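Since chain A is already given, all that's left is putting chain B on it; use the hints.
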Amino acid sequence: MSMIPLSRKPGELVQREPRPSVWAKKMSEVKQNKHMYVMIAPYFMIFFIFTVLPVFLSLTVSFTNFNMLEFPDWVGWQNYARLFIRDDIFLLAVKNTIYFAAITGPISYIVCFVLAWVINELSPKVRAVATLIFYAPVLSGNAFIVWTLLFSGDSYGYINAFLLKFRLIAEPILWLKDPQYIMAIIIIVQLWLSLGTSFLAFIAGLQSMDKTLFEAGAIDGIRNRWQELWFITLPAMRPQLMFGAVIQITSSFAVAEVATTLAGFPSVQYAGHTIVTHLMDYGNIRFEMGYASSIATVLFGIMLGSNLLVQKLLKKVGE
Amino acid sequence: MGAAAKLLRGNKINRSRAGDLLLFLFLAALGYFMALPLVFVISNAFKPINEILQFPPKFLVRNPSLNNFTDLYNLMSGTWVPFTRYMFNTFFIAFVGTAGHVIIASLAAYPLAKRKFPGVSVLFTIVVLSLMFSGTVTQVTNYMTMSWFGMIDTYWAVIIPAIGSSLGLYLMKQFMEQIPDALLEAAQIDGCSEYRIFWRIVMPVVKPAWLTLIIFSFQGLWGAGGAAGSMYIYSEQLKTIDYALGQILAGGIIRTGPSMAATLLMISVPIIIFVITQSNVLQTMSTSGMKD
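The listed protein sequences correspond, in order, to chains A and B. Numbering of the first sequence is given in full-length UniProt numbering, commencing with residue 1 and proceeding in unit increments. Numbering of the second sequence is given in full-length UniProt numbering, commencing with residue 1 and proceeding in unit increments.
Okay, chain A solo, but in the shape it has when bound (with noise of 0.2 Å):
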């Protein structure tokens, strides 16, 4: 400032005002921008104290001893040293966790592609009925209580009856309390009520899809319906691949409610024992706060770990 008076003529008006620095320049966008900040500050004031907050919160909670009651205490890695070398039920519920994400995860994100390619071929009537079919047992909520009764362990369960009837089975099988079924059937459910967010986006994006990328694949030789898939359908609906990818992730690592619902908390050799409800049983049971978060961490790191890997895979699809 003090160089630019020296070429200045004598009387002469400075006209020039000061350069905005950086930050002032962003803080009048803001000003002037206000409005914007209101509409936003309701939803992102809940969505900042129970979704980002408690990231950072389990984090920091995760190298303390917590029991809600007295003040926490500093323990540095002790949770986490806990966690990876003393609790063995940590480790076979991290063990069953993989296992169940790595089939159902794969498995219901396939399906739920295929099938909502399937229902693509159908007329418009045929096809609204199909996706109620499939997608009926994910607003039927927690009707996934029916497979209870039928996994239930006597005779009057109906796989029991079914299978004792064709003389299959000799005597009834304890399909829930036999930790070699457990996860099996855990499996099933899960498959069962995958069909979800991810299935509905899907179908939507192959209707929305440009008719006229098929005619003129038509005329530059694919053949069947198959090369059609592979060469023009795959890659157009790369955004909402990645996305229906991210919902069947995150949910086929969160494998709790139904596990707890129908092999029982905990369930017969921690069978059927998840990251999740390892975390809530000291979350929720022992009030042991501090090991809890560091059960949530490690869950976080797994979860997002997983889904930032995947995604990058998928961005190299069709490049």
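No lab work stands behind these hints: they were computed from the structure. Given the structure is predicted, the values throughout are model-derived calculations rather than measurements. Some hints could be false.
[To be verified] Below, simulated BS3-like cross-link-like pairs (lysine-lysine); rule was C-alpha separation at most 30 Å, straight line: (1) B:K291 / A:K316; (2) A:K34 / B:K116; (3) B:K58 / A:K26; (4) B:K207 / A:K125; (5) B:K291 / A:K315; (6) A:K95 / A:K177; (7) A:K211 / B:K207; (8) A:K34 / B:K207; (9) A:K95 / A:K315; (10) A:K211 / A:K315; (11) A:K26 / B:K291; (12) A:K165 / B:K58; (13) B:K291 / A:K177; (14) A:K315 / B:K116; (15) A:K25 / B:K114; (16) B:K114 / A:K312; (17) B:K291 / A:K211; (18) B:K114 / A:K211; (19) B:K116 / A:K26.
Below, chain B without anything else, positioned relative to chain A:
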């Protein structure tokens, strides 16, 4: 064959009959698996008691009766907390939560979709990242936050987090992006304030999107007594219908009929809403894709 094929697949090019058959079989098998448990609910809701106790059990009802519904009514009148209270709790949580979510999320989605101001892209990135972890991650710390706010054991423990759900905001924002800018500019030139533009122009145009938010939010909250409710709500008089249903079902095989009748009544509400809004929901989901 021609007419049937047309009914099944509409007008599409490059389709072979063998492929049609294969896909139809796939669809039928999967449809059977998906529909079976719900057919079971419907069938058992109308079974008279002797058919429920019959051995070996039959899957489908022979002589349908409405006894289960009257039994359910009698069971409900005998509960310690009047059943109407459970109903009120469920309705209150579902309606207030859904209405709050639709209004507040739409209000926030409009600036994110249509206006440029400092912070907008960072905020939306955080919302997308939040789709990548579930509410189970935050439930422990939310319990602490809620107890500081005095929200534990109130309806608000379930309602407020549902209002801030990120999926609704994400879908609404993606849908609003396709509103033509010319429409908004015209309104601005006419001297409309941003709030007026939002209520009078944006909201009517995005009707499919808010119908979608309604069905998603409602379906989550309608059954939410189960997951979120059992965690944050202890008082018997604040519990929801599905908690009461769990109690009925706990009575063993003899209660199967009434509990299936109750389940049927419960699930029919979101299913009816979806049937009415289906085409709107699909319209909204077509803009749900994630751009790079």
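Query raised in the report: What hints, given by number in increasing order, does this structure fail?
Result: 3 and 13
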